[in-house]
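Peer 1: These are the residues of each chain, in order.
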Amino acid sequence: MNKLSLALAATACLALPGLTLAAETLTIATVNNSDMIRMQRLSKTFEAEHPDIKLKWVVLEENVLRQRLTTDIATQGGQFDVLTIGMYEASLWGAKGWLEPMTDLSAEYDAEDIFPSVRDGLSVKGQLYALPFYAESSITYYRTDLFKDAGLKMPEHPTWTQMANFAAKLHAPDKDQYGICLRGKAGWGENMALISTVANAFGARWFDENWKPEFTGSEWTSALNFYVDTLSKYGPPGASSNGFNENLALFNSGKCAMWVDASVAGSFVTDKSQSKVADHVGFTFAPIQATSKGSSWLYSWALAIPTSSKEKDAAKTFSMWATSKAYSELVAKTDGIANVPPGTRASTYTDAYMAAAPFAKVTLESLKSIDPNKPTLKPVPYVGVQLVTIPEFQAIGTQVGKQFAAALTGGMSVQQALQGAQTATERQMKRAGYLK
Amino acid sequence: MLTLKQKRSLQSLLVGCAAWLIAGLIFFPIFWMVLTSFKTELAAFATPPQFIFTPTLENYLHINDRSDYFSYAWNSVLISFAATALCMLVAVPAAYSMAFFETKRTKGTLLWMLSTKMLPPVGVLMPIYLICKSLGMLDSRLALIVIYTLINLPIVIWMVYTYFKDIPVDILEAARLDGATTLQEISRVLLPIARGGLASTMLLSLILCWNEAFWSLNLTSSAAAPLTALVASYSSPEGLFWAKLSAVSTLACAPILILGWISQKQLVRGLSFGAVK
Numbered sequence: 001m002n003k004l005s006l007a008l009a010a011t012a013c014l015a016l017p018g019l020t021l022a023a024e025t026l027t028i029a030t031v032n033n034s035d036m037i038r039m040q041r042l043s044k045t046f047e048a049e050h051p052d053i054k055l056k057w058v059v060l061e062e063n064v065l066r067q068r069l070t071t072d073i074a075t076q077g078g079q080f081d082v083l084t085i086g087m088y089e090a091s092l093w094g095a096k097g098w099l100e101p102m103t104d105l106s107a108e109y110d111a112e113d114i115f116p117s118v119r120d121g122l123s124v125k126g127q128l129y130a131l132p133f134y135a136e137s138s139i140t141y142y143r144t145d146l147f148k149d150a151g152l153k154m155p156e157h158p159t160w161t162q163m164a165n166f167a168a169k170l171h172a173p174d175k176d177q178y179g180i181c182l183r184g185k186a187g188w189g190e191n192m193a194l195i196s197t198v199a200n201a202f203g204a205r206w207f208d209e210n211w212k213p214e215f216t217g218s219e220w221t222s223a224l225n226f227y228v229d230t231l232s233k234y235g236p237p238g239a240s241s242n243g244f245n246e247n248l249a250l251f252n253s254g255k256c257a258m259w260v261d262a263s264v265a266g267s268f269v270t271d272k273s274q275s276k277v278a279d280h281v282g283f284t285f286a287p288i289q290a291t292s293k294g295s296s297w298l299y300s301w302a303l304a305i306p307t308s309s310k311e312k313d314a315a316k317t318f319s320m321w322a323t324s325k326a327y328s329e330l331v332a333k334t335d336g337i338a339n340v341p342p343g344t345r346a347s348t349y350t351d352a353y354m355a356a357a358p359f360a361k362v363t364l365e366s367l368k369s370i371d372p373n374k375p376t377l378k379p380v381p382y383v384g385v386q387l388v389t390i391p392e393f394q395a396i397g398t399q400v401g402k403q404f405a406a407a408l409t410g411g412m413s414v415q416q417a418l419q420g421a422q423t424a425t426e427r428q429m430k431r432a433g434y435l436k
Numbered sequence: 001m002l003t004l005k006q007k008r009s010l011q012s013l014l015v016g017c018a019a020w021l022i023a024g025l026i027f028f029p030i031f032w033m034v035l036t037s038f039k040t041e042l043a044a045f046a047t048p049p050q051f052i053f054t055p056t057l058e059n060y061l062h063i064n065d066r067s068d069y070f071s072y073a074w075n076s077v078l079i080s081f082a083a084t085a086l087c088m089l090v091a092v093p094a095a096y097s098m099a100f101f102e103t104k105r106t107k108g109t110l111l112w113m114l115s116t117k118m119l120p121p122v123g124v125l126m127p128i129y130l131i132c133k134s135l136g137m138l139d140s141r142l143a144l145i146v147i148y149t150l151i152n153l154p155i156v157i158w159m160v161y162t163y164f165k166d167i168p169v170d171i172l173e174a175a176r177l178d179g180a181t182t183l184q185e186i187s188r189v190l191l192p193i194a195r196g197g198l199a200s201t202m203l204l205s206l207i208l209c210w211n212e213a214f215w216s217l218n219l220t221s222s223a224a225a226p227l228t229a230l231v232a233s234y235s236s237p238e239g240l241f242w243a244k245l246s247a248v249s250t251l252a253c254a255p256i257l258i259l260g261w262i263s264q265k266q267l268v269r270g271l272s273f274g275a276v277k
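From first to last, the protein sequence lines stand for chains D and W.
If you read the first sequence in full-length UniProt numbering, its first letter stands for residue 1, the second for the next number, and so on.
If you read the second sequence in full-length UniProt numbering, its first letter stands for residue 1, the second for the next number, and so on.
Next comes chain W alone, as it looks inside the complex (with noise of 0.2 Å):
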């Protein structure tokens, strides 16, 4: 018969290895692909696959040859983080908006929001080139920023809102009593609460713009080219480039998984804040 102690620890220990088995559940394609960038392309192709091989950095100096990877990366960059900051610009005070004086039609207008994620985009793939054609900005960054912030948008959205929402009224109430401005109120009070919300809602937005690969795909050529566009030029169904491939997308990821790594604090306690409260 176990005691309560004893219960509480296995329990807990069931519940650690559990959670390890989930995260390595969910590591394994990202190691499996740093672990494949080192091998050559037929140890990649091996069956039963190697795990033990001798590394090699023939495909990094590859790709180093045939492209320019800064030149993408620094598109991955600006479009990314414009896009972002664009989206903020626009979710922050529409979200204030419906979480601090909701109407009736608000949760329909976020539902409607939400309601244009269902739209494949190939369905609007023509118009879409038609007008950036027209307007001159195929293979241009801004294409990119507008269309990501337009695609982000409602996602974004909802994130402050519920973020916004679990912050009581009452906070911004003594502040317009202590005669703050609609402006004050948000920058000196609402946006220093939901910092952490916001953080981890920024990162999600980078995070989706920095690996959208359909628009940047079909919009840009070589100018204004991400890194899903490098990642793509080393697909083929006729050789054998798993190497390649798997280099060239470890050095896509790299970026992005740094700043996760390094805003991991803020993430968890942007998607912990409403449990905190």
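Here chain D stands alone, though its shape is the one from the complex (with noise of 0.2 Å):
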């Protein structure tokens, strides 16, 4: 009898560890942004859901996480079951086979909904790689008492000229208030996501059909040259070192009369608890000029498997609830609807949603009328609006950023700032064989 008792005392010891182990639990690399933090949050229920599943966390700034994720994938480290990814990444891992083709979704996840910009951001060559959580395009927040004031009406589609000619009516700097407020700060995801549009919209393109950079061609010029004029003359103090928060406090704060970046803080600059001027800001389409093609950006947020993972069908179970339409319900349901992840899917834009978002139309028709694949007025050989994916230009990026930075600041001349550019690109391009 007492051996029997150690014996099954022993089998209960062996079997205990075993039915823990049974548990999967999995590694989530996500960015630190009140959307994924709600996430972070409800993602109690998807636990209660599904047992058999543990969440662990890891939650990163954005650009830590892209180079703690790009070391793993590269070495296949496994360190992570999912990963939250922009659109820039899930085009060149997905293409190099380093993560989980999003194959054989339900039919109650419905991948139609999701809009075709959103979905072809995310895919290579007709296969989506990446779930997309959230998309985003850019739009014009305005303050719509200061524009009563001055006797002025903002159009559904400024141009950048009108928009100049705004900020310097209501540019007074005396009583801290800025005409226009622009990313600055030097970086592919800062300044130059949104210098790129302004590009786009003067009918410039990074490269030719040659992959030839064109900075020193004449559309280039003019657009710069109309960045760093009207930045300069109407901009706050210190422009070059402002990116989207300092933006977002500057116009939360009520010093900028007009502001141009993504669609995503409309949210913030609506709430009241951390916006002065919440009852008083109006939503219009990002400024376009001699075209209306890329003059809005298209970046996503989405949910990606590592072919490293170990856990990949609990992976695409969590990603898939996370996308999903009952997710947006939930949220809705616990959040409000205004809090619903915008920007991916038709469904989400119902009259409810658009009457607690008043930014909800502007970035949907936005999001609509990108597309990627012709991103510009000439015809290109990349894809991509605001960037271009290649893998070679997050370094590009980065220091054509530097260079129109220093125009911005006066440290060059705008024609320097784009030789310097131009040189630069060459120089990588040819290094990387795109150029003979």
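Read the hints as simulated data drawn from the structure, not as lab findings.
Just so we're clear, the structure is a prediction, and the values are computed from it rather than from any experiment.
Worth double-checking, as some hints may not be accurate.
[To be verified] Here are the in silico distance ranges between beta carbons for each label pair:
no.: 1; chain 1: D; residue 1: Q67; chain 2: W; residue 2: L78; range: 22 to 28 Å
no.: 2; chain 1: W; residue 1: L21; chain 2: D; residue 2: K272; range: 38 to 44 Å
no.: 3; chain 1: W; residue 1: M33; chain 2: D; residue 2: D371; range: 42 to 48 Å
no.: 4; chain 1: W; residue 1: M118; chain 2: D; residue 2: A432; range: 26 to 32 Å
Each residue gets a CB set at the ideal place from its N, CA and C atoms; glycine is no exception.
With the hints as a guide, dock the two chains, each given alone in a separate frame, to form the complex.
Peer 2: Take a look at the structure:
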């Protein structure tokens, strides 16, 4: 009897760790923004629905996360099961075979409901490699009270020239009020995201059909002259160090009459707990000029599964849950409909959502009109609106961004900055084998 | 015309003022971080900056709700103390040998050790990542302990070496004449004399380990992530997180600040060891 008890106890001891091991643990790498933090909070519902899957979160700042994930995926480190990545990484890593293709998505998931522009941006040769969590375009934010007082009317599709005229009329630095706030901080995802859309609107492109950079062309010259001139004259002081957060803080404290930036700011500028001007914000499309093509950017945070993951099935289950219609319904129920992740699904844009989120109409129309495969007026050999999906772009974009930021501070002339960008980009492209 | 006494008191007043000014400048960022941690996000971004505001604990409550602070803090404590202990274990015999049995290559060896600090860490990221991956040491405390030990070893050996150099060799010779073995010479004579210097070296090593962010962010994900990883998780280019970031930074700094405060006597004694010899 004693022996039997001992045997049972031993079996139980051996079996218990086995039972614990039966629960799969997913390590999810994500960024620190309000939508992702909400997902982390609501994932308790997922764990309750799937008791066999445990979630571990690694939250990092965007640039740190990008570097961390690149190291891990390039070495097949297998540290993460679900990655939060953007369109740039999805295209490059998908093409390299580092990501699991998102196939066999259930009918209930309804992949056809995802906007085609977003789906295309996350696909390589028609194969989806990441499920979009939210997507954003760039739109124009403006102060309706200031426009009314000055007797101005914002058109639905303003041109950059009109924007400069409005900025001149509303610029009153003595009252701590600046005509226009735009990104100036150097970086491929910072000033170059905005400047690329300005350049696209002026009819410019990063490369011609033979991958030759075009910075010394007339379109880029006009675009950069306009950007530097307008922001120097009517922008806040120290604009060359302003990124999204700095401009958001300036706009929310009532110091910017206009601001062109990511549509995701819509929920921040209308949130009374963080914006002093929440009741006086108007929304319209990003400015156009010679063309409307590529005048508004497209970006999406999406969930992908690296091929090095050991828990691919569980990772897919979670990725589908977090990007599903059911998740949107859960957010609407717990946090209010205005906080539903925007820009990915047509079904999100119900009448109730449009009424709760005043910026939703502009975002929706912008997202529908963007085509990352034909982003500019003239034909290009690349995919991407505010970025070029080639591995060399991060280095090139950052280098060019530094030249343009220097032009904004007055450290060099616009002509010198453009010449510097041309030389640096040509050198990189020759080294990478695109140019002979 | 000032008398000599007046001149001296004026001089001491000016030196005192300068010292307070420099101390204030050094302390101001820490003060501002703590102050910001008690503001709302809107107040944290206000221009001009607000010195008077209604304090709130919402940032600390948010951190408590979202993150397991103690798990990160435990990893920081374990990794920093273990790496420092390991570092001292290697550094003391190395410095002893170089300080008291100097050869013609000693100076060159010391300079070579210091030159390893000149290599940017990112230059060796990929090989170290691959080594950790092959050894199954990604997201493990052991990997960070070994790396921190190796990173801090040159500076720790240098510091211990300079403290040992200040000790007259005659004291050790006297111990040897009394029949002390090498181990006894180090443990009973050398270490008690250099206690202050060793304490300040250990504290410096602890601070360096505690604040190290590059390797901890690149080699850990969840299980071994220390406080630097927690701080990094509150930084964001899209959204207002300054107050929360300040709160989490305050929480991350607090343990090491308290430790520094407690051991300041040892630290000052260690730093001025050579001067009072």
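Peer 1: Can you tell me whether the CB distance of L21/W to K272/D sits inside 38 to 44 Å?
Peer 2: Cβ of L21/W to Cβ of K272/D: about 42 Å, so the range 38 to 44 Å holds.
Peer 1: Determine whether the Cβ-Cβ distance between M33/W and D371/D falls within the hinted range of 42 to 48 Å.
Peer 2: holds (46 Å)
Peer 1: For Q67/D and L78/W, compare the CB-CB distance with the range 22 to 28 Å and indicate the outcome.
Peer 2: holds (26 Å)
Peer 1: So does M118/W sit 26 to 32 Å from A432/D, Cβ to Cβ?
Peer 2: Roughly 30 Å apart at Cβ, these two residues keep to the hinted range, so it holds.
In the structure shown, no violation is registered for any of the earlier numbered hints.
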